[in-house]
Structures are given as C-alpha cells and as structure tokens.
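Here's the letter readout for the chains.
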Amino acid sequence: MSTPDENLFEEAFAEFAHTAELMVDPVDSAVIHGRVRRRRATKGALAAALAALIVAVPAAWWLQESNGDEVDPSPAEETTDETTSRETTPAEDGGAGSNSVPEGQETGLDQPVLPTFGDLVGAEIELPEFFPGEGSLNDICPTGPATISDAAGAGYGDGSVRLLKLVQTTLEEGGPVEAVALFGCAPGDGMLTQAVSVAGDGDGGWEVTEEIALGTLDSFPLIDIAPAAVTGVLLLVPEPHGTDHQGPLDYEIFRYRTGAELEDVTDSAYKWGIADLAVEVEKTDNGDGTWTAAVTITNTGDHESQGFALTACADAALTVEEVDGLPGCTEDYRVVEEYAALEAGESVTEEWTVDPAPFDEWSGDAQAGGAYLEVRVRTPMYGVDGFAFDYDGSNDYGNMSLIVDDVT
Amino acid sequence: MTPTRDSSAPPGEGSAAAQLLPMRASLEFDDFYAANVRSVTAQIYAYTGDRAEAEDLVAEAFCRALARWRKVREYENPTAWVRRVAWNLATSHLRRRSVVQRFLNRQRETHEQAPDGDRVDLQRALAGIGAHHRKAVILRYMAGLTVAEIAEQEGVAEATVRSWLTRGKAALAGRLTVQDDMEQR
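Chains as they are written, first to last, in UniProt numbering: chain F, 1 to 408; chain A, 1 to 185.
Derived by calculation from the structure, the hints in this document are not laboratory data. The beta-carbon is built from N, C-alpha and C at its ideal position, and this holds for glycine as well. The reader is advised that the hints may include incorrect statements.
What the hints assert, rightly or not - For lysine to any residue, the following SDA-like pairs were computed, each having C-alpha atoms within a straight-line distance of at most 20 Å:
hint	chain 1	residue 1	chain 2	residue 2
1	A	Lys71	F	Ser29
2	A	Lys71	F	Glu129
3	F	Lys283	F	Tyr397
4	A	Lys71	F	Gly204
5	F	Lys283	F	Gly204
6	A	Lys71	F	Arg35
7	A	Lys71	F	Gly118
8	A	Lys71	F	Gly325
9	F	Lys283	F	Glu322
10	A	Lys71	F	Arg37
To be verified - Computed, partial: chain F to chain A, Cβ under 8 Å:
hint	residue
11	Pro26
12	Ser29
13	Leu249
Model the full assembly from the supplied sequences, consistent with the hints where possible.
The structure is reproduced here in structure tokens:
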C-alpha cells in the first residue's frame, strides 16, 4: 500500500472542508431553541403515554417473541426509543466519559435516577452475595459493598466485581424504566454473575432496587442480558461448561418480569448478536523473504453478530508491516482493527505482510518451536442493547508460524 | 464516581442579576452554535454523503447540547462533546441506512453521475472507503483532530487510529488515481 503525501492531503481536505462549509445550510439557532422548548413541553405527556406505547408500538417484536419470527431486526433500533424513557444511549450522548450527563440527573426531573455505565464504574454498591448463605466464601467476591470495576479491564481471576453490561428496560407492564446491570466476579477460571436493577439512592450513591437473577457455574451460568421486546429483561444462559469446553454451546433465553416466574423464550426471542465468529489464518510465501498472512473472520452462525475487534500478538522475530509494534504473545494481545457487525455467512479478510528477522536473531524458543503470529476476535458486550454472545469460543483464535525451514 | 442530582440553585439565584442568566446562557449557546455548526455539519456531510441528512443529524446534536447547556457549557471542550454526539448519531444512522441500502442494491442497478470536479472526486472517493477509515480521515484532516483526540472520541487505541488513517489515506489515494485514469481515457 502506498501512502500519499501528507501536504497534498491537507491541502485537498482544506479546500474540500471550505467548500463543504459553504454548501451546507444549517438551520438558524432559533429553530434549535424552538425544538428544545417543544420537547420540554411534551415531556410530561410522553411519560404518561409511555405505558401505552410499550404495548402498542413494537408489534413486530411482540410477534417475534411470541411466534418465533426469525427476521432479526435490531432491538436497539426498533424498540429502545419506545421501551425506555431516555432520549439517547450513553454512547450517543458523548460516551461515558467525564462529559456525559446521566439521564435523570438534571434539575426538575421527578424520576428515578438511572445510572450510566460510567457512573457505576468506580462506585461502591451493596450487592447481593455471589455465594448466598456461604459466609466467608463471599470474601473472594466482596459485595458489602462492592467496588465496581470496568469489564473492559484486564485481571480476570482477581475476584474484583466487574460491570459487564447495563441496559434500560421496564420490568413490569406500565412500570417505570429501570437500569438493569449485569455484574460479574471471576475468583478463578469461571465467571459468577448477577443481574440486578440499580437506581440512585437519593443520597448521591447507587442502590440495588430489585434482585433479578444470580448466575452459578454449575446450573445457571448467566452470561448476558438484553432488554425484552415489550416488558422485562432477557437472560442468556448457555449450558454449564468449563473453560476447556470445545465446540458450540447450547443456550437458553429466559425472560424476567417483576413478580412473574422466569419464562423460557428461547424459541421466540430475538437472537440478534448470538453468532459464531470463526477465525482462519492462511500463510503464503511471497518469494522475497516475506510472507502474507490472510486473516479471515466469518460469521458462521445463523444471526447477525455485534461489532467486534480483532486482536493480535506476534513473536519478536516477526514484523507485521501493517500493524507494527504488536506485543509478544506472552505479554498481551492488542486490538488491531475494529469491525461493524457481520451478517450470517458474511466474512472479512485482512492481509498482512510478515517480515521475519534473520533466523540467527530469533530467540531460542522461536528457533526451537517456531515464531508465531496469533489473532483472536473479541466481542465487547457492554456497549450494546442486544445480546453479544459467541457460542463457539473454540474457533475465535487463529495463528500462523514460521519455522527454520521457512526462513533458511 | 457517584451521582449528584443537580437541584441546588446556581449562585445568585433570585437576585436581579440572576434573572439575566438564562438569557445570557441562551446568547452564549447561539455564539457556540454559530461558531461550530458549519464545520461540524461539513464533517458529517463528508461522512454520510448526504447534505440534508447531515444538517438534520447536526441539528439534533445541537438540540441535545442546548437541552443540557448548563452542564455542557462547563465542559472543558463543549465543541468536542457536540461533535461526538453528532458523529455517534451519524454512525447509528449510517448503520441503519446500510441495511436498507444493501437491500436496495440487490433490487436495482445504480446509476452514478460522473464527477464534475476535485471536490466531487474527493467526496466520491471518501464514499468508497470503509466507515472507520473515512471517519478517521475526516476527523484528522477536516476537523483537525490529533490521533490521540480521535482515539479518545472513538474509544479505541491510538494504534488503531493510526492504522485507520494509513489505510484510509492509501485507499483514498488509490481511488483518486483510478478516477484520474478513467477521466484521461
């Protein structure tokens, strides 16, 4: 790939930006003021009408959840506006950084204060025990209070309580919108989870207002949550499995509503985001001392995936030209590319040029066992309104290696 | 991080001077709007390729800024906030539109108009590259953000942004070259 001259780019874009700024015709600021005034005036009326909308609007979703329709439209796009009272997702409102304003914390709103993801990370909250009635066993996942960590951080297996996901939904017909959090704690290899409803405690902190489900490793390994189509929260529960499990996992989906029995909606619930991303790496000798690594990620599942990241690491003996500076595989994986969703059957391929160092400069381990380039896909679940579940983790990984015969 | 419900009155509430605060804030918003709306709209236009759509999305972003202006104005960089909201809205919008577009593309042939100038060349070339790459290039060269600022806005590593920029620029250059060749023939 050739890279064009930087100055030419800057000049071309400066001219383009200037022309585009003259072309666009934004509305007068008075129009913005008017729209905001009207929204404020209708906010009360909208809140009163919410219960009716929850029942009436997402008809397609109701049909899907009740009739097993497999069309798979996205819940975030089709129903979130109707099933929650917020105007935007936290991400749309500028992310969870210091500049975001949690919905409901503005002056004059007589509603429960609902947290954003960023509000809960770092907060101290009294949570239900991960091992109910087991006394000191709970010390390995402290919950009284728990100091919440970010799910995206490293350090699994350290016993810290992490916020895996936060969604907004109504838990009973006609009820208020609530924030349902999925917390996890991994004292060892397995992840214990719990889903609870969280709201402001009126004193500047957060509190659990409803216990929804407790995930256990052996019988109910709750792994993900999503807003239900109409009312309630969906719980995704794969079959009990160990970390060494190979092949696809079976799973069930349950719907929780306040005061009702858990309902198995596996056959009828939407399955957007329940996918199987499979990675393959093919190496080709370029004949000039370099190699091409073709990394292909395919959604081999039946439903559209969520967006995902491709991570990579490489032995110090290998230079990957397009993604320079990869960490060693004994250290870490680095995100090298992020992708939007893949439809079922869709695939995406990256081609990288791998340039090995002279063999005598390789480490002893690499000389003996080969120099590896490894890739892995990761689907972050915490930023989406639907499920984000790859039911076959055994094919999320691929590698290519060069050995002595390849480079001498 | 703990939440606080902002129910306390601002300093001076109730005094005559305080009565002028909303008006002052309103004028301040108008200045903010005038200073930024064209550049942000131009960036979103370059990203979506649809002027009317870009104007609507940016108007929505500024509505959200005005609705919480008392907070937003206190931020270190209110422009970054509104730009991020506009970009997030545009990304969500494009994702929805791409689903429809994929369907339409299967249903009919598309007849694109020939470019009529450098600006259109660049615009068409932008439309032909990946969304991440397009976003990175626009933010870098139209919005003038640094790699670190783009990484912060998009919530990705700086290395990822550098990769997007390298690939985006190479893809753009390739497309502009192809268009030049076609026009010379």
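Okay, the hints, checked on the actual structure:
no. : hint                  : verdict
1   : Lys71(A) - Ser29(F)   : 19 Å, holds
2   : Lys71(A) - Glu129(F)  : 37 Å, violated
3   : Lys283(F) - Tyr397(F) : 15 Å, holds
4   : Lys71(A) - Gly204(F)  : 18 Å, holds
5   : Lys283(F) - Gly204(F) : 56 Å, violated
6   : Lys71(A) - Arg35(F)   : 19 Å, holds
7   : Lys71(A) - Gly118(F)  : 17 Å, holds
8   : Lys71(A) - Gly325(F)  : 40 Å, violated
9   : Lys283(F) - Glu322(F) : 15 Å, holds
10  : Lys71(A) - Arg37(F)   : 17 Å, holds
11  : Pro26                 : 4 Å, holds
12  : Ser29                 : 4 Å, holds
13  : Leu249                : 28 Å, violated
This entry does not satisfy hints 2, 5, 8, 13, going by the numbered hints stated previously.
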